[in-house]
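There are 2 protein chains.
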Amino acid sequence: MTAVESGTRRLGEFTFECGESIDDLQVAYESYGDFEATEEGSNAVLVCHALTGSQNVASAGLAETAGQARAWWNDIVGPGKAIDTTEYYVVCANVPGSCYGSSGPPAENPETGEPWGTDFPPVTVGDWTRAQRRLLDDLGVGRLHAVVGGSAGGMNVLDWAVQYPDDVARIVPVAAAARLDAQCLALDAIARRAITTDDAWQGGDYYGDERPTEGLALARQIGHVMYLSKTSMGEKFGRRAAGRDAVRSFPADRAAAYFPYREVESYLDYQAEKFVDRFDPNTYLYLTRAMDDYDLSEGYEGDADALAAFEGETLLMSFTGDWHFTVEQSESLADACRTAGVPVAHHVVESDHGHDAFLVEPEKVGPPLRDFLADGLDGRAIHDTVSEDDEDEGEADFAPVHNSLFSG
Amino acid sequence: MTAVESGTRRLGEFTFECGESIDDLQVAYESYGDFEATEEGSNAVLVCHALTGSQNVASAGLAETAGQARAWWNDIVGPGKAIDTTEYYVVCANVPGSCYGSSGPPAENPETGEPWGTDFPPVTVGDWTRAQRRLLDDLGVGRLHAVVGGSAGGMNVLDWAVQYPDDVARIVPVAAAARLDAQCLALDAIARRAITTDDAWQGGDYYGDERPTEGLALARQIGHVMYLSKTSMGEKFGRRAAGRDAVRSFPADRAAAYFPYREVESYLDYQAEKFVDRFDPNTYLYLTRAMDDYDLSEGYEGDADALAAFEGETLLMSFTGDWHFTVEQSESLADACRTAGVPVAHHVVESDHGHDAFLVEPEKVGPPLRDFLADGLDGRAIHDTVSEDDEDEGEADFAPVHNSLFSG
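From first to last, the protein sequence lines stand for chains P and E. Quick note: the first sequence uses full-length UniProt numbering, first residue 1, plus one each step. Quick note: the second sequence uses full-length UniProt numbering, first residue 1, plus one each step.
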């Protein structure tokens, strides 16, 4: 048995990047395994969750959450798994602005006894990182063995290397990017508009009343399509009609009955209904804004300059079917590391599973991650886009998608 | 001066594919040029409009429409243009179910004197084709020189070759497909959900009251992202903040003010506001359903079987940056033509402009189209994906996007 701890720490006054502060930042977290000091600093591994994730990274956790917030990386984190909790002390913290116990819009504002709602200060990825640093201080953890995370969590990982370059030996941004592109910014903006134009949103002051679930459902569905790939959707659903039992959970016009209710619709509708039960609409606004706002190069001359102070090793992982955080974006990060002199490998995973691959392909994500945590860039299962032969030329050996549907 | 006619024809009882009928189908249309009988039948060219288009294909038309519904292919259709109205008699009809004068949800139901709303029968692409045939009969046009159209209009073109294979000499489906894929079906379903979950929709009975403009705006924005490409959005907007004058036209939370209102958001918001002024929400439901439902092979053993009776020539045009109607989908159509013995060329246009390319790259679309109308597949500006050398093997010479973000 590995030790599991689940709780909330009160960390005192916290000033957000925007300049606003709150009197007592609360951070909900879980930890797995036993903390040990090592030669490199410690055996501590911080895992950063994605947009709608929680601190409950593995099933042993105690958080009362559901869906992708419950044991969301259980195939990767646990005893004997890639991030082995018998070996590492694994910490995952719910980011400020989220809705799983940390300070955020649905949490109680101590001054009023009511939920903060949209009075909560705007939150950035930088705030996530500083809150995690404060939590780790409170837990007695100094230097980390590694910081690992996917998607928006991967941005959080990158920010660790920028804000606390001396505090971490190895970073693993998975399915990440230095910044979102215009297409993703657009889709996130549409998702937020769906929430704020839901009449039930009421300027964000819906707590104790009907929640803007229709807007949040739309936002989630737009996001869900971003997490899948054209190929995976075609293979999983095609154009098939859903079973007879499947019925829409929202209004439709009379003419709709003449046409099939398709499996792909039914799936997205079902997933959205589950999501709105577990997630807070204001939180969706806050966290997508943080993700959209993130730019590795902000305050620096470029991505390489931002990473220059980091003296650890970097493993980047990306997925060929991912159009949210693309292979090209990770390769661009790898180039920035190379320019900055940061030892790096960019491990490209062949997968049709889109952005979701980092969650649903543990057999491909696990081995390089395990070996990197153990042996750094010498890890056996790690492949790099730059082979030794052509390293001089800086040529990547993944097939660049210059003729892809998007970049062609 | 070429003759321009703009009007509405009452075509009598019309039974829709669903089995329901209405007493007096009205079809709004425009025609440009003079009709002439020719050896092949006539100089008539039917142009099929896309989802939100209208009969007002060229600026000479008289329809009081706006945005993409006004003179939507003015760069292609007109005196001296690719579809030369001094040479061809060009007809464009507003499809049944639409909102530019033909029978559809916002049109008056003669029995009640009120708008049909969602009492209007469900509409299919097949209904569009049969209504166009009826209109052309009424106009005295028998056999057509060509049927040309893009996007959903391209599906309409394909349906002409299936339903009336002897009535048309040449077809040009532009940026079309035999059917939509699961990803596009999903996004269309989310768009419809945005409309029907807008409280103002009221089951479709909103005429004379507040319209569900918020839902329609979201639907349009989702569609708009589908029409652009990742590359074009990156180049056009990047992550830039909008100018100081740009303000959101819908509610936002307090925290939003800390973050930039980006150009890409501002653009999509502005376009959506313009769109909701010119388009009917119920029509958006009806026409996306028709597009989603379309399947070339329905009632046949496959796409080739469906096309087998067509004895004319086919020019397919597709665009490398299009992820809504992909190059692969057009190539699959070309294969079906080859199998069916239908003379075909598949002309692939290099463009970063996404699906919109068929509207915004007239200098690339015009020449092959002009030459095809004049000389059929011998047209000089036409390139085919199958070069003469490897025709035996049926190998396409466009770079297949197997390693693309989507299909990789």
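Hint data in this document are derived by calculation from the structure and do not stem from the laboratory. All C-beta atoms, glycine included, are put in the ideal place defined by N, C-alpha and C. There's no promise every hint is true.
[Stated by the list, open to error] Quick list of the computed label-pair ranges, beta carbon to beta carbon:
id: 1; chain 1: E; residue 1: Pro79; chain 2: P; residue 2: Glu235; range: 30 to 38 Å
id: 2; chain 1: P; residue 1: Ala257; chain 2: E; residue 2: Arg338; range: 50 to 58 Å
id: 3; chain 1: P; residue 1: Glu40; chain 2: E; residue 2: Glu273; range: 54 to 62 Å
id: 4; chain 1: P; residue 1: Asp245; chain 2: E; residue 2: Gln271; range: 16 to 24 Å
id: 5; chain 1: P; residue 1: Gln202; chain 2: E; residue 2: Tyr207; range: 21 to 29 Å
id: 6; chain 1: E; residue 1: Asp24; chain 2: P; residue 2: Ala257; range: 49 to 57 Å
id: 7; chain 1: E; residue 1: Asp138; chain 2: P; residue 2: Ala257; range: 45 to 53 Å
(message) A range of 45 to 53 Å was offered for this pair. Does it hold for the Cβ distance of E:Asp138 and P:Ala257?
(response) violated (32 Å)
(message) Assuming the hint says 16 to 24 Å, is it satisfied by the Cβ distance from P:Asp245 to E:Gln271 or not?
(response) At 39 Å between Cβs, range violated.
(message) A range of 49 to 57 Å was offered for this pair. Does it hold for the Cβ distance of E:Asp24 and P:Ala257?
(response) With a Cβ separation near 25 Å, E:Asp24 and P:Ala257 fall outside 49 to 57 Å, so the hint is violated.
(message) 30 to 38 Å was suggested as the range; check whether the CB atoms of E:Pro79 and P:Glu235 agree with it.
(response) This hint is violated: roughly 49 Å between Cβ atoms.
(request) Take the C-beta atom of P:Gln202 and the C-beta atom of E:Tyr207, compute their distance, and say whether it sits inside 21 to 29 Å. (result) holds (27 Å)
(message) Given the hint of 50 to 58 Å, is the C-beta distance from P:Ala257 to E:Arg338 inside that range or not?
(response) violated (38 Å)
(request) Note whether the CB distance of P:Glu40 and E:Glu273 lies within 54 to 62 Å or breaks it. (result) Holds, at about 56 Å.
When the structure is compared with the earlier hints, violations turn up for hints 1, 2, 4, 6 and 7 and for no others.
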